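K.L.:
The residues making up each chain are set out below.
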Amino acid sequence: AQRVTQPEKLLSVFKGAPVELKCNYSYSGSPELFWYVQYSRQRLQLLLRHISRESIKGFTADLNKGETSFHLKKPFAQEEDSAMYYCALSRNSGNTPLVFGKGTRLSVIA
Amino acid sequence: EPEVTQTPSHQVTQMGQEVILRCVPISNHLYFYWYRQILGQKVEFLVSFYNNEISEKSEIFDDQFSVERPDGSNFTLKIRSTKLEDSAMYFCATRQRGSADTQYFGPGTRLTVL
Numbered sequence: 001a002q003r004v005t006q007p008e009k010l011l012s013v014f015k016g017a018p019v020e021l022k023c024n025y026s027y028s029g030s031p032e033l034f035w036y037v038q039y040s041r042q043r044l045q046l047l048l049r050h051i052s053r054e055s056i057k058g059f060t061a062d063l064n065k066g067e068t069s070f071h072l073k074k075p076f077a078q079e080e081d082s083a084m085y086y087c088a089l090s091r092n093s094g095n096t097p098l099v100f101g102k103g104t105r106l107s108v109i110a
Numbered sequence: 111e112p113e114v115t116q117t118p119s120h121q122v123t124q125m126g127q128e129v130i131l132r133c134v135p136i137s138n139h140l141y142f143y144w145y146r147q148i149l150g151q152k153v154e155f156l157v158s159f160y161n162n163e164i165s166e167k168s169e170i171f172d173d174q175f176s177v178e179r180p181d182g183s184n185f186t187l188k189i190r191s192t193k194l195e196d197s198a199m200y201f202c203a204t205r206q207r208g209s210a211d212t213q214y215f216g217p218g219t220r221l222t223v224l
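As given, the protein sequences belong to chains A and B, one line each in that order.
Counting along the first sequence from 1, when you hit position 45 you're at 45 in the numbering used here, and nothing is skipped either side.
Quick note: to get the numbering used here, add 110 to the position in the second sequence (first position is 1).
Isolated chain A (complex conformation) (with noise of 0.2 Å):
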């Protein structure tokens, strides 16, 4: 069985600091990792996903798969980072559905 461990529940930082919201994943095969975000009143949207190995809105996540880890970071924290942070796996063939972990709640103090 897959899982996702997102060990924080909330995470405050000042604007400008270095953000690094932590993700561990269980899974016997090749997984797919994503990170989707939800700002206030908005639904689930994509931020980013392992294989595509690029930077969304400053942020960088890399698949470390010794460690069973895809942790999220920033270098600099902006206000509008605020938001509930999501990490995601899905096992790496075909249709197949997303295993969430609890969510980590980003905010980013003036």
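Quick caveat, the hints were computed from the structure, so don't treat them as lab data.
In this text, all values refer to a predicted model and were calculated from it rather than measured experimentally.
Be aware that one or more of the hints could be misleading.
[What the hints assert, rightly or not] Keeping only pairs whose Cα atoms sit at most 20 Å apart, straight-line, the calculated EDC-like set for lysine to aspartate or glutamate is:
#1 A:Lys102 <-> B:Glu154
#2 B:Lys188 <-> B:Asp172
#3 A:Lys57 <-> B:Glu111
#4 B:Lys152 <-> A:Glu32
Please build the complex by placing chain B on the supplied structure of chain A, with the hints as guidance.
P.N.:
Leaving out everything else, chain B in the frame of chain A:
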């Protein structure tokens, strides 16, 4: 940019009543999903649907639940006899094709069972 839409945004019902939640997928999307999120808990997968049949379902998706695409556009989730513990946000998600494509989520329907 096209979006997944869901109706209603909020549904209040009495325990034991049937509810139907509706989703309109993005037009060229072929794969459809329902997820739910009980307040304070994680988003959980319910069911996936492709080519007019269920592809996969979770343990949550028992005989009280059903899905269909009755008219080729709407994708519905029916709960036959609601229970208090069915109170949750229900999200529809759709995907175009191929394992590399992103799932796009609707805004959700908040179901409250009294």
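K.L.:
Quick one, are Lys57 of chain A and Glu111 of chain B close enough, alpha carbons at most 20 Å?
P.N.:
holds (19 Å)
K.L.:
So if I understand the rule, the pair passes when the alpha-carbon distance is 20 Å or less; does Lys188 of chain B with Asp172 of chain B pass?
P.N.:
holds (11 Å)
K.L.:
Are the Cα positions of Lys102 of chain A and Glu154 of chain B separated by 20 Å at most?
P.N.:
holds (10 Å)
K.L.:
For the pair supplied as a hint, Lys152 of chain B and Glu32 of chain A, confirm whether the alpha-carbon distance does not exceed 20 Å.
P.N.:
Holds, at about 19 Å.
This entry satisfies every hint, going by the numbered hints stated previously.
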